[in-house]
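Novice: Protein sequences appear in the order of chains L and S.
The opening position of the first sequence corresponds to residue 1196 in the numbering used here, with each subsequent residue numbered one higher.
The opening position of the second sequence corresponds to residue 1196 in the numbering used here, with each subsequent residue numbered one higher.
Treat the hints as calculated values from the structure; they're not laboratory data.
Any given hint might turn out to be false.
No copy is singled out in the list; a pair is fine if it fits within one copy or between any two copies.
Said to hold, decoys possible - The calculated lysine to aspartate or glutamate pairs, modelled on EDC-like cross-linking and capped at a C-alpha distance of 20 Å, are:
#1 Lys1295 x Glu1364
#2 Lys1330 x Glu1455
#3 Lys1211 x Asp1239
#4 Lys1220 x Asp1361
#5 Lys1220 x Glu1340
#6 Lys1348 x Glu1381
#7 Lys1408 x Glu1438
#8 Lys1345 x Glu1369
#9 Lys1220 x Glu1407
#10 Lys1211 x Glu1255
#11 Lys1330 x Glu1369
#12 Lys1211 x Asp1237
#13 Lys1348 x Asp1358
#14 Lys1408 x Asp1237
2 protein chains.
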Amino acid sequence: MERRNTDIWFTEYQTKHLRLGLSIKSVLANIQTPYQHLLVVDTDQYGRLMALDGAIQLTESDEFTYHEMLAHVALTSHPAPRRILIVGGGDGGTAREAVKHETVEEVVLVDIDQEVINASKQFFPSLSSGLEDPKVNVLVMDALEYIRGKSGKFDVVIVDSTDPVDFAEGLFREPFYRDVFRALNEGGSLVAQTESPFSDPDILTGAVSEMEKVFPIVKVFWGAMPTYPTGMWTYTIGSKVHEPGEPRGQIPPETRYYSEEIHRAAFVLPPFLEEILQGRDR
Amino acid sequence: MERRNTDIWFTEYQTKHLRLGLSIKSVLANIQTPYQHLLVVDTDQYGRLMALDGAIQLTESDEFTYHEMLAHVALTSHPAPRRILIVGGGDGGTAREAVKHETVEEVVLVDIDQEVINASKQFFPSLSSGLEDPKVNVLVMDALEYIRGKSGKFDVVIVDSTDPVDFAEGLFREPFYRDVFRALNEGGSLVAQTESPFSDPDILTGAVSEMEKVFPIVKVFWGAMPTYPTGMWTYTIGSKVHEPGEPRGQIPPETRYYSEEIHRAAFVLPPFLEEILQGRDR
Chain L
1196 MERRNTDIWF TEYQTKHLRL GLSIKSVLAN IQTPYQHLLV VDTDQYGRLM ALDGAIQLTE
1256 SDEFTYHEML AHVALTSHPA PRRILIVGGG DGGTAREAVK HETVEEVVLV DIDQEVINAS
1316 KQFFPSLSSG LEDPKVNVLV MDALEYIRGK SGKFDVVIVD STDPVDFAEG LFREPFYRDV
1376 FRALNEGGSL VAQTESPFSD PDILTGAVSE MEKVFPIVKV FWGAMPTYPT GMWTYTIGSK
1436 VHEPGEPRGQ IPPETRYYSE EIHRAAFVLP PFLEEILQGR DR
Chain S
1196 MERRNTDIWF TEYQTKHLRL GLSIKSVLAN IQTPYQHLLV VDTDQYGRLM ALDGAIQLTE
1256 SDEFTYHEML AHVALTSHPA PRRILIVGGG DGGTAREAVK HETVEEVVLV DIDQEVINAS
1316 KQFFPSLSSG LEDPKVNVLV MDALEYIRGK SGKFDVVIVD STDPVDFAEG LFREPFYRDV
1376 FRALNEGGSL VAQTESPFSD PDILTGAVSE MEKVFPIVKV FWGAMPTYPT GMWTYTIGSK
1436 VHEPGEPRGQ IPPETRYYSE EIHRAAFVLP PFLEEILQGR DR
């Protein structure tokens, strides 16, 4: 008789027809929060991983590419960002990056789900450190509600959201972008993660179209992100005044993906992506 | 009793701990050639797919990113490439891109495996069209043997190889690079695919180090490639004279990933990748 083997796999269904598998050592959390399903596993390939409603949010090994690109392109496009709003981002990774900018005085982080914050503090100290920074003020509530009625308060709003389903769907739509526009001061801008052009081009073009109804300048940029579907991830900036392709603020220290040169290069889109964007509703 | 479901999945083990799954409609070829295992399946997500020895070589939907970046960066770095050697690339995708350059007079394609060529002609007409071009001369033999003793014959040598295992391993080593150097004329250059910095940094740094023993100018560039491990793919150029970061030849028409601006942007490496390269043996 042959010796038997066992292994344990975490599987993400990135689309109905595409899945990513990661062998795991253990399941650290597997709970239903009031808002979503939260899973934390320890993978062999990428270290600890958090998934929400079945979608990988981060792994210890590659989260730096996403969090750096989401935070630093918008923050460095602004000459001196002082007050920042992070919508979602309860893991703390984006806040950790935001406070690297010396001009930043206050970061308000609004996440709807206390359990995400708790899980990050328990299992991802290298991310949740961002939540402990004295400049960071964490609010547990619906960001759609928080932002309504705010006026001229922020320099940069960063939407660090899950995919646009259920409660996160509104974060990809005009009414929210209009509220964000009002909440921004004169030189303000919004940045959001806007999915992969290979697997979800409609979400990207939808977000861009909705943002263009509100912001005079809208630009898409991209970066590598291994554990997100297809590994090619887009981000979209809506800006009132500042052209986002050019870094003008201080370049943050201690980055592993972002640099001044990467900032500029990230706005160079392959022709197929330009075509996807040109084909959107306008 | 509940209604049962079935589905069929192709699974690639990208590492021991990481796998990519694609649901498939059918298996079109599943054979052992004299050199490797060859699989062709029809996937729901990406169209037809070819795998060699378990590694995805191409899918109909995303092969353009790989073949364009492999061919056009090196070819456009040369002011007027006329004679090209493709090592491997029996599917024809790289040849299809190479003949887009008007200056190109002859493409010699040397692949060891006739079955790869046959499978491409049967199942991937949009790639094998590259093999039918009158400028393309296909030789079925070991490229290591072909190149030995050639002198001053080619402007650009493109290594479109499988991963460096078994018969392909020699394609990542100094003796082969030395033969290529001799086979190139004065302004010549070599380009090779050199794997992902996330999943196989050692292959990348190994190839760069070996190339640096032979070529005075060695540069790494990168691009997105969804169905290759981690989606972030590197390529390395060894050049005798021309700085590869700057396009100087004619920009090829009808590209979907490559452009003059992407050419320059592809040489901008994230700091973590610069660090990997700085840590290599020298």
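Novice: For each hint, tell me whether it holds in the structure or not.
Specialist: Hints, one by one, checked against the model:
no. : hint              : in the structure
1   : Lys1295 x Glu1364 : neither (30 Å within a copy, 44 Å between copies)
2   : Lys1330 x Glu1455 : neither (25 Å within a copy, 43 Å between copies)
3   : Lys1211 x Asp1239 : between (25 Å within a copy, 9 Å between copies)
4   : Lys1220 x Asp1361 : neither (31 Å within a copy, 31 Å between copies)
5   : Lys1220 x Glu1340 : neither (39 Å within a copy, 46 Å between copies)
6   : Lys1348 x Glu1381 : within (10 Å within a copy, 61 Å between copies)
7   : Lys1408 x Glu1438 : within (17 Å within a copy, 44 Å between copies)
8   : Lys1345 x Glu1369 : within (16 Å within a copy, 63 Å between copies)
9   : Lys1220 x Glu1407 : neither (45 Å within a copy, 40 Å between copies)
10  : Lys1211 x Glu1255 : between (26 Å within a copy, 18 Å between copies)
11  : Lys1330 x Glu1369 : neither (30 Å within a copy, 53 Å between copies)
12  : Lys1211 x Asp1237 : between (24 Å within a copy, 15 Å between copies)
13  : Lys1348 x Asp1358 : neither (26 Å within a copy, 53 Å between copies)
14  : Lys1408 x Asp1237 : neither (42 Å within a copy, 41 Å between copies)
In this structure, the hints that do not hold are numbers 1, 2, 4, 5, 9, 11, 13 and 14, in rising order.
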